[in-house]
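If you read the sequence shown in full-length UniProt numbering, its first letter stands for residue 1, the second for the next number, and so on.
What the hints contain is simulated information worked out from the structure, not anything from laboratory work.
Even for Gly, the Cβ is constructed at its ideal location relative to N, Cα and C.
Each hint should be verified, as a subset may be incorrect.
To be verified - The calculated label-pair distances, taken between Cβ atoms and stated as ranges, are: (1) V174 to R38: 24 to 32 angstroms; (2) D171 to L20: 28 to 36 angstroms; (3) V174 to A44: 42 to 50 angstroms; (4) P142 to D9: 34 to 42 angstroms; (5) L46 to D66: 14 to 22 angstroms; (6) V70 to R136: 40 to 48 angstroms; (7) A84 to R38: 19 to 27 angstroms; (8) K99 to D144: 18 to 26 angstroms; (9) D144 to A44: 41 to 49 angstroms; (10) D66 to Q143: 39 to 47 angstroms; (11) A56 to A114: 54 to 62 angstroms; (12) A84 to D168: 27 to 35 angstroms.
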Amino acid sequence: MRLEVFCEDRLGLTRELLDLLVLRGIDLRGIEIDPIGRIYLNFAELEFESFSSLMAEIRRIAGVTDVRTVPWMPSEREHLALSALLEALPEPVLSVDMKSKVDMANPASCQLFAQKLDRLRNHTAAQLINGFNFLRWLESEPQDSHNEHVVINGQNFLMEITPVYLQDENDQHVLTGAVVMLRSTIRMGRQLQKCRRPGRQRLQSNCRRQPENEACCRTGAETGDAKRAAADYG
1 MRLEVFCEDR
11 LGLTRELLDL
21 LVLRGIDLRG
31 IEIDPIGRIY
41 LNFAELEFES
51 FSSLMAEIRR
61 IAGVTDVRTV
71 PWMPSEREHL
81 ALSALLEALP
91 EPVLSVDMKS
101 KVDMANPASC
111 QLFAQKLDRL
121 RNHTAAQLIN
131 GFNFLRWLES
141 EPQDSHNEHV
151 VINGQNFLME
161 ITPVYLQDEN
171 DQHVLTGAVV
181 MLRSTIRMGR
191 QLQKCRRPGR
201 QRLQSNCRRQ
211 PENEACCRTG
221 AETGDAKRAA
231 ADYG
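Between the sequences and the hints, there should be enough to build the whole structure, so can you do that?
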């Protein structure tokens, strides 16, 4: 069960919420605080009477303006959205920590390396992808993405590695790892051909029409000359 508590920015309000849960013997699984005045609570399901009583007591806390149930915590919703995005990507994508150890991978990566996600997490990026020093790159605290040609299982890929920075409590950006995307050069070539094909077809069509257009122009010019000659003769 997850609750979204709308509240004012008052010192001690979060403490009162937690004390209320402890007093009722409710095991808190998670809490998230939004700076815009919302507190999210995650705990086990309650019976209807206990739930109704809890909601009423939360509303009586000074500074609370409303409370309602929600299906997801903000972090859960973001994780689900990210997972859906990764699953939809045809390109293999890996997320690695500062030791270059894999902590997230999409289905395309599992297929490429022929391993399940839990086994991929036991590997570092260097164990999966040869020819690039991931640790040295991470230790240099890069600011921009880096592209590198790599070969995996006899297939050519354009590897794009992007640093991931998070903001700490002191508003400092701290490097936490990187995201690695592997773009198949064969797939990229096919996509490029598809993009070029319509333009090439239009060019060929224009070339085929050109003789017809020239013939029309010649006919029009000859007709105009004949009319002028007839007018001069008359």
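Comparing the hints with the structure gives:
no.: 1; hint: V174 to R38: 24 to 32 angstroms; in the structure: holds, 26 angstroms
no.: 2; hint: D171 to L20: 28 to 36 angstroms; in the structure: holds, 33 angstroms
no.: 3; hint: V174 to A44: 42 to 50 angstroms; in the structure: violated, 34 angstroms
no.: 4; hint: P142 to D9: 34 to 42 angstroms; in the structure: holds, 37 angstroms
no.: 5; hint: L46 to D66: 14 to 22 angstroms; in the structure: holds, 19 angstroms
no.: 6; hint: V70 to R136: 40 to 48 angstroms; in the structure: holds, 44 angstroms
no.: 7; hint: A84 to R38: 19 to 27 angstroms; in the structure: holds, 24 angstroms
no.: 8; hint: K99 to D144: 18 to 26 angstroms; in the structure: holds, 21 angstroms
no.: 9; hint: D144 to A44: 41 to 49 angstroms; in the structure: holds, 46 angstroms
no.: 10; hint: D66 to Q143: 39 to 47 angstroms; in the structure: holds, 43 angstroms
no.: 11; hint: A56 to A114: 54 to 62 angstroms; in the structure: holds, 55 angstroms
no.: 12; hint: A84 to D168: 27 to 35 angstroms; in the structure: holds, 28 angstroms
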